[in-house]
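Position chains C, A and B against the provided structure of chain E, taking the given hints into account.
Chain by chain, the residues:
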Amino acid sequence: MNFSFPTVTLDFYISALPVLILCLGAISAMLQSVFKKVGSETAVFGLQIVILIGALLAALLAPNSVETAYLSGNYLTGLITQFGQVTLLVIAIIISILFKDTWLKAKFFRGEISSLYQMVISGMLVMVSSEDLITLFVGLELSSIGLYALLGYTDPTRKSQEGAIKYFVLGSFATALLMFGFGLLYSATGTMRLSEIVELVPKMADHNWVQLGALFAMVGLGFKLALAPFHLWAPDAYEAAPTGITALMATSVKVMIILVAMRIFGGGLSSIYEVWMPALMFLAVISMIAGNVMALVQNSLKRMLAYSSIAHSGYMAVAICAIGNLGGEFPYAAVLYYLIGYAIISIGSFGILMWLENDQNDNITLDNLSGMASKHPKACFALAVFMFAFAGMPPTVGFISKFFVFNAALKANLVSLVVIGIIGSSISLYYYLRVIVRMFMSEPVKVAAPLAPKNSVIVSLVVGVAVILVVLLGTVLPGPVMDHLISTSLEIARN
Amino acid sequence: MLLWLVILFPLLGAALNGLLLRKVSKTVSHIVGASALIASFACALTAYMQMMSAGGEGQVIFGFDWLEAGGFKAPFQFILDRLSGMMMLIITGIGSLIHIYAGGYMHEEKATWRFFSYLNLFVFMMLLLVLGDNLLIMFIGWEGVGLCSYLLIGYWYEDDANAAAGMKAFLVNRIGDIGFLIGVFLCFKFFGTVSFSELKDIIINGNALTGPQLEAVSWITLALFIGACGKSAQLPLYVWLPDAMAGPTPVSALIHAATMVTAGIYMMTRLNFLYFLAPDTQMIVASVGAATALFAATIAIVQNDIKKVLAYSTVSQLGYMVLACGVGAYAGGVFHLFTHACFKALLFLGAGSVIVAMHHKQDMQEMGGLRKYMPITHAVMLVGVLAIIGFPGLAGFFSKDEILWKAWIGGGPVIWGMGAMAAVCTAFYMTRLLMLTFYGPNRSDHHTREHLHETSAVMWAPLVVLAILSAVVGYLNVPHVIPGLPHLLFEHYLSPIIHVPAAAAEHWPHLTATYSHSLELGLMGISVLGMFLSAGFAIVLYKNGPSPTAIKLKKSFSGIHKVLTNKYYVDEFYFKYIVDPLKDMSLFLWKIVDTVIIDGIVNGIGQAFMLVAGLTSFRMSGSLHRHAMVVMLGIFCLLTILLF
Amino acid sequence: MDFFNSHVLTLTTFLPLLTAVAIMFTPNLAISRWVAMGGSAVTFLFSLHVWYYFDAQTPGLQFVEEYSWIPSFGIKYIMGVDGLNLLLFILTTFLTPLILLSVWHIEGSKQKAFLSLFMFLECGMLGSLVAFDMVFFYIFWEAMLIPMYFMIGIWGGKNRIDATTKFIIYTVVGSLFMLAAAIVLYLLHYQKTGTYSTNILDLYTTAPLYETQLWLFGAFALAFAIKVPLFPFHTWLPDAHTEAPTAGSVILAGVLLKLGTYGLLRFAIPLFPEAVATYAPIIVSLGVIGIIYGALTAWMQKDAKKLVAYSSVSHLGFVVIGSFALVAGGNQISVEALTGAVYQMINHGISTGALFFLVGIIYERRHTRMLADFGGLAKVMPWFAFMLIIATLSSVGLPGTGGFVGEFLILLGTFQSSPIAGITASLGVLLGAVYMLHLCRKILFGPLDKKENQELQDLSPREFAYLTPLAILAVLMGIYPNLFLDKIRPSVEHLAQNYKQYRLVAAEQPAKDIENVASSEQSAESAGE
Amino acid sequence: MPTSESYLILATIMFGCGVFGVLFRKNLILVMMSIELMLNAVNLVFVSATQTLGNVDGQVMVFFVITVAACEAAVGLAMVIALYRKYGTIDTDFLRVLRG
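Those protein sequence lines, which keep their order, are chains E, C, A and B.
Residue 1 is where the first sequence starts when you use this note's numbering, and the numbers rise one by one after that.
Residue 1 is where the second sequence starts when you use this note's numbering, and the numbers rise one by one after that.
Residue 1 is where the third sequence starts when you use this note's numbering, and the numbers rise one by one after that.
Residue 1 is where the fourth sequence starts when you use this note's numbering, and the numbers rise one by one after that.
Any given hint could turn out to be false.
Using 16 Å as the maximum straight-line C-alpha spacing, the simulated EDC-like pairs for lysine to aspartate or glutamate come out as follows [unchecked claim]:
#: 1; chain 1: C; residue 1: K591; chain 2: A; residue 2: D303
#: 2; chain 1: A; residue 1: K379; chain 2: A; residue 2: E452
#: 3; chain 1: C; residue 1: K583; chain 2: C; residue 2: E572
#: 4; chain 1: A; residue 1: K451; chain 2: C; residue 2: E158
#: 5; chain 1: A; residue 1: K379; chain 2: C; residue 2: E109
#: 6; chain 1: A; residue 1: K450; chain 2: C; residue 2: D305
#: 7; chain 1: A; residue 1: K302; chain 2: C; residue 2: D584
#: 8; chain 1: C; residue 1: K110; chain 2: C; residue 2: E158
#: 9; chain 1: B; residue 1: K26; chain 2: B; residue 2: D91
#: 10; chain 1: E; residue 1: K159; chain 2: E; residue 2: D359
#: 11; chain 1: C; residue 1: K26; chain 2: C; residue 2: E108
#: 12; chain 1: A; residue 1: K158; chain 2: E; residue 2: E443
#: 13; chain 1: C; residue 1: K361; chain 2: C; residue 2: D445
#: 14; chain 1: A; residue 1: K379; chain 2: C; residue 2: E198
#: 15; chain 1: C; residue 1: K361; chain 2: C; residue 2: D305
#: 16; chain 1: E; residue 1: K159; chain 2: B; residue 2: D93
#: 17; chain 1: C; residue 1: K73; chain 2: C; residue 2: E198
#: 18; chain 1: A; residue 1: K110; chain 2: E; residue 2: E443
#: 19; chain 1: A; residue 1: K450; chain 2: C; residue 2: E366
#: 20; chain 1: E; residue 1: K446; chain 2: E; residue 2: D367
#: 21; chain 1: B; residue 1: K86; chain 2: E; residue 2: D155
#: 22; chain 1: C; residue 1: K23; chain 2: A; residue 2: D458
#: 23; chain 1: A; residue 1: K450; chain 2: C; residue 2: E158
#: 24; chain 1: C; residue 1: K73; chain 2: A; residue 2: D486
#: 25; chain 1: C; residue 1: K73; chain 2: A; residue 2: E211
#: 26; chain 1: C; residue 1: K23; chain 2: C; residue 2: E109
#: 27; chain 1: A; residue 1: K379; chain 2: A; residue 2: D458
#: 28; chain 1: C; residue 1: K308; chain 2: C; residue 2: D571
#: 29; chain 1: E; residue 1: K203; chain 2: E; residue 2: E274
#: 30; chain 1: A; residue 1: K379; chain 2: C; residue 2: D305
#: 31; chain 1: A; residue 1: K379; chain 2: C; residue 2: D160
#: 32; chain 1: B; residue 1: K26; chain 2: B; residue 2: D93
Coverage of chain A stretches by chain C, computed from C-beta distances (three or more under 8 Å per stretch; other residues unrestricted) [claimed, not checked]:
#: 33; segment: 55 to 66
#: 34; segment: 218 to 228
#: 35; segment: 297 to 305
#: 36; segment: 375 to 382
#: 37; segment: 439 to 446
Pairwise CB distance ranges, derived in the manner of DEER restraints [what the hints assert, rightly or not]:
#: 38; chain 1: E; residue 1: N299; chain 2: B; residue 2: K86; range: 50 to 56 Å
#: 39; chain 1: E; residue 1: S374; chain 2: A; residue 2: R365; range: 24 to 30 Å
#: 40; chain 1: A; residue 1: V475; chain 2: C; residue 2: P581; range: 33 to 39 Å
Just so you know, the hints here were simulated from the structure itself, not pulled from any lab data.
By construction, the Cβ of each residue, glycine as well, lies at the ideal position given by its N, Cα and C atoms.
For reference, chain E alone in the conformation it holds in the complex (with noise of 0.2 Å):
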């Protein structure tokens, strides 16, 4: 990709290391897929996860100390970028752990699928570590075109079929707009680095051909964070996924958007909030509004938890203009901390859901639920954690990422949207509450398929590291952790 010629050292090699190894793997399985004989399905998702862990490794140690642009700004290193690989790198790790039995167990595993897997994993790592348009879009179309992929071709029924096809068609649709809008700032600017370009709009904001490629490229990142009005394709999206890849969808594209939103909205274009904040604004509210509202009423989980990371994405999105708003360093620590909470949370939530799940019956309802405590105790105990933290009570992880971005907002001055927010988490606490109401309080509900999931050492790990995590990170941690977020965010938080 050195198209200009930039001189490539060394240096970059080890920082990029991370994304390198993965293609590597990804290419490896697709090799197997080829030559059948190479090697079982064990083996290659067992060279999955051993990829995985390289290239954590590979994050881990990667020189980050001072933020340093290779390739003209194609590929960024740095304390963000590192908090962002990690964090992706840790969740595609567990999610394959616990999809691990669905893959192994689906009536044809390829290695295409691993390959994918990993593929997308190294696009959404190029995305967090890319300052550059042209790295940005190729990034993200990488792990965009292998979620398609992924969301069909592991359980051809007629639901993935469907879900697959409106994503991707939905998915295009938007990446078209996103890159209009790129094009319009190109043509503006001259330039393709994010942090030029958002320098140089600024200047030249009241013009009207910048204006539009701004809101075009902020709706295309609004469309893979699944903020509403955006956000319809996600529900039918995370209901035909498989499950593993729904846990994805709910918390890698989240991570990674929001990483590139931070760094898109907290430089330049901070100086002329006032243009853009509305716009961010109404699509916030909104969101809250309309994921919390809807959520409301679906009967499957996972389209519930579809409905709540939209409202999910609202709350972030008001943290995002908070930083826009304020600078410094709080509110960026403020998002981070609300993504990690979120991450586990979601994580834990699917992790229980893909447990329960069966060939017959991958997509759990309420009614599935009912009675369960009596059954399940603990997994009813850690789901009913979970709920208790995305409605964000206390003592969870909830309550406190979202008592950081309330705080950010209303240093920003953002009262109305802190209300509405406020009103969203009323309203969610809703739905989160009735599924702990049908598996606590209700009587069994007779269902065609029932569940009956067998005892895993792998889910319980997770789920309870999981739980333990989420109160922890309510009660203990949130010092330290915030102290640790606050000095990673200093790199690019503006003073």
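Then chains C, A and B, alone, in the frame of chain E:
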């Protein structure tokens, strides 16, 4: 120390009977209950003697800091002076007699621990009421006696009517109590204290009161008087007392005749210096007293239940006492309280004996001729009746005529006229009671008549003591006009308690003025004459049971008779215009306001969200194109926001 | 000992949590009962230690523990007791063992979870009482809803799910607004002083602009008004009480509701004195309406438990008006009323707790709570009758019981503040007697004509064991109130003094000066309003 | 001489046509073609900008866009074929199972 024993003995008795001695025989309950009272009486007597021998100065006995908050202070402390000492003696003395009597009266009960426990507790509360040195301690007793009254009226709770009567008593009293409380609040607001001794200091010895304080005094006294109306069964809050007769008769004697109901008079006397300062209130007090006296007396004329007659008579007599307070004749009021305690306790206990003999039948129409079967009861009842109607020489004569005289000079002819009319009525209905019960032929059924006999000594002995008291205590306060006897001993005895503040002296000229003896004698003559005439009329009408003339009279005045029998429809009025509307309103508040409106709004908000969600999720979903359309719509909205 | 003294609050607060966790790991119900009882008893002993060593002369905080928690936001772990929370603190630890005793006999696979939840709840209540950091407080404040939610939802009656959902959502809605207001206050404090702190005592000094105070106070008051519950936010309460199991009702009425009034005293009044002066008439009116309204509605109830629940609405109205009895033209708070309010909180906890226990006892025997199904129980259950009458008397505020002291002081103060409010509220005392005696009459008195009632057993020794302490305390609080008032007094006077001081300063300074001090706030608030 | 502005306008019109196609075409193949049209409009923007600005970044981008569009087309067509094989239709109205 002795004073502490006085109040602790009844409490101990109550605790023993109520908590520990539940399984023992009723004799033990009786002995414990009565001996607690007797011990208390003995201590009271000693304490009283000590106080009097020390010159009769009031003394304040500090107990402990009870309630302190901000500027408000109400220590648990007692005042023992001539007034409270006397009250203490009445309570424990008459209380002892009634306790002894009650053992006999309650003989047929299975277990009496509850009864004696309540009764002892009542005495304890009553002692708190009279001994407390501040309004708050008094209020403890004030409400405490109400509680005991409630429990004792509802003693036979299995009859729902009794439980209802108890509740009515408590609630009507509570109305008065709220008045009392408001008085306390006002008192604290304007004088910063609720202690009797400190109040007295401020009023008598302190600086001249400010305008607002003077105005406040009227309100304080009025508010406290509402409390007195409740407790002392004055118009319009008297309605509970007749119903309270549902309790055992010793209770009626002790609580609803001798002691508790006089609490209002005691309180006003205790605060006489305040009341003197508020002539307007005093006018109201006197009018209410006079009206109550007459009103209740008229009702009593037609009642057939022996205890109801006595109950209305009590209301009427309390009216006299209140009237006395109203015209500033506190000594007269308290003196009447004293004599009334003796003869009304006697009458009630006598009636109780009759009721026991009649197997708990109380209708006088079924009695008659009991003189033959119960000579002792008859004799003491005769004394009691003569005392209450003011037969010259007996207690009631002295005390009532003193009040009537003060009513004339202090309240004017109208007030006097009402009081005198009440006295005439009293003479009539009491004589009627005596005649219907003890004279004429016996009208009871065969079974009852077979078992009629004199009661045991436990019951008649206290009666005799009370009869003697009723006969003689009147001589403690002989008016000026009667020569040859020491005059107005009681008034002199009480005079250290009564203070007319200098600022108010002008309103009370008659307290110091001298009047001609002939006027007083003349008035006395009129009332005595009226008494004789109406008593004679009653004898004529009822000496052989209800005579044809009586029945004819009843027929020719059927309208009035009906109104009187139904007690002027006061209860019905209260129910129809106060209780029932309140109930309807409550029901409305609950069923409509609470369930439909308030809860409806709360639930409605939630349901509205659900509805919106249901509609939108249905409309928005499905088609790919619709999704894309929404995206474009979103872009349009953003454009609008961005550009404008 | 030193260590113990300086950490006693932490130990007391978290011992129940430890017990809750321990209960989860006990092998069977019998052991878990003993663990729970042991844990709560030791907690009670610890709290007695606090009571004993509490210095009644100091108005300030005692047994303070302060550690850094989220340093970047200035959020700390602060605990302390003063006269306002000491008694509630002990009431909580006192009621818990009694409640555990009351559920001793209940068998079943879920009972272990119940005990565990209950201990968790105790931890939440204790924590929110002693926490002196806004965020720290809020965590406990909300966290304790969770166990209560499960207790009503799992062990409740027929409509338990609706009731418990309403309970938690209603409460959380209010609390969230409070959270937002707290954050605004925290930011204003930062603007004023340049340091981040959520320490309540620091926030006291913030004194935001008058208009700002109005908003912030509104948010705080809403949260607490819902919790109390103040009319017209009370509708969750009867539902929650009716559906909750006895133990839940007792703790709900005994402590949880008090946290609302406690919050008013601890937060709403000292934080926003200016707004208090403006809002007091409204709040007192609502309180008075609540008193009358609650009493009248209670009177009409056919379900004994619902009656007691509505009576709570009425009684807590007293506490609320007691907290807002302003005198001297709104420049001072009536110390008497304030003292009464604190006192009445404790007393209501005891008397209403006892009432719920008693209703629970007959419900257990007869499986009905309808008044019409009873009558004449005094004959077969004399001790039950005795206890019910004591609880009733305390509830109606008869002198000699704790209820009188509280209500009297509240009315005394309210009357000084506004005679009309005082007199109207006094009617509540009358109506209180109406419905409580109605309850007694329907249950205890009248003919014993129902066959099922004739064979009822009187109180068992276990029931005795948990009712007697309540009865004794109800009477003790009436006959020797100074024992408790001594502990309350300094803090209450301090609170009133601070309020007065603030008003004095505000009155003396020309309005402009205040604006200057807070000019930066203005801009911060402009977006908000 | 067309200005850079006119290229942008042309691109916008092209883009609009693409959007219109996505919104109203019921045939999945046509929908995908409309998306391609949109991406081509994007390409036009980049290329015209390159000309005006005189740097080559935009042209680089265009290559990537073309490549990615090809990938997308491949994945998309695969999905559509799978759908057609199984259900014999590529009408968007068929995709209405997921809703709510």
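Status of each hint after checking the structure:
1. C:K591 / A:D303: holds, 14 Å
2. A:K379 / A:E452: holds, 13 Å
3. C:K583 / C:E572: holds, 15 Å
4. A:K451 / C:E158: holds, 15 Å
5. A:K379 / C:E109: Within the cut-off at roughly 14 Å; holds.
6. A:K450 / C:D305: violated, 32 Å
7. A:K302 / C:D584: Holds, at roughly 15 Å.
8. C:K110 / C:E158: holds, 14 Å
9. B:K26 / B:D91: holds, 6 Å
10. E:K159 / E:D359: Holds - the C-alpha atoms of E:D359 and E:K159 are around 14 Å apart, at most 16 Å.
11. C:K26 / C:E108: Since the Cα atoms of C:K26 and C:E108 sit roughly 10 Å apart, the hinted pair holds (cutoff 16 Å).
12. A:K158 / E:E443: Distance ~13 Å between A:K158 and E:E443 Cα, so the pair holds.
13. C:K361 / C:D445: This hinted pair holds, its Cα atoms lying about 11 Å apart.
14. A:K379 / C:E198: violated, 48 Å
15. C:K361 / C:D305: Distance ~9 Å between C:K361 and C:D305 Cα, so the pair holds.
16. E:K159 / B:D93: holds, 14 Å
17. C:K73 / C:E198: holds, 12 Å
18. A:K110 / E:E443: holds, 14 Å
19. A:K450 / C:E366: Outside the cut-off at roughly 35 Å; violated.
20. E:K446 / E:D367: holds, 8 Å
21. B:K86 / E:D155: Distance ~14 Å between B:K86 and E:D155 Cα, so the pair holds.
22. C:K23 / A:D458: holds, 15 Å
23. A:K450 / C:E158: Cα-Cα ~13 Å, so holds.
24. C:K73 / A:D486: Roughly 13 Å between the alpha carbons, so the hint for C:K73 and A:D486 holds.
25. C:K73 / A:E211: violated, 39 Å
26. C:K23 / C:E109: holds, 14 Å
27. A:K379 / A:D458: Given pair A:K379, A:D458 holds - Cα atoms ~10 Å apart, limit 16 Å.
28. C:K308 / C:D571: Answer holds: C:K308 to C:D571 is near 15 Å, not above 16 Å.
29. E:K203 / E:E274: OK: E:K203 and E:E274 at ~14 Å, within 16 Å.
30. A:K379 / C:D305: violated, 28 Å
31. A:K379 / C:D160: holds, 13 Å
32. B:K26 / B:D93: holds, 7 Å
33. 55 to 66: violated (count 0)
34. 218 to 228: Violated: only 0 residues of the segment 218 to 228 of chain A have a Cβ under 8 Å from chain C.
35. 297 to 305: Coverage by chain C holds here, the residue count being 4 at a Cβ distance below 8 Å.
36. 375 to 382: holds (count 4)
37. 439 to 446: holds (count 4)
38. E:N299 / B:K86: 50 to 56 Å: violated, 27 Å
39. E:S374 / A:R365: 24 to 30 Å: Check passed, 28 Å falls within 24 to 30 Å.
40. A:V475 / C:P581: 33 to 39 Å: holds, 37 Å
Hint compliance for this structure: hints 6, 14, 19, 25, 30, 33, 34 and 38 are not met, and every other hint is.
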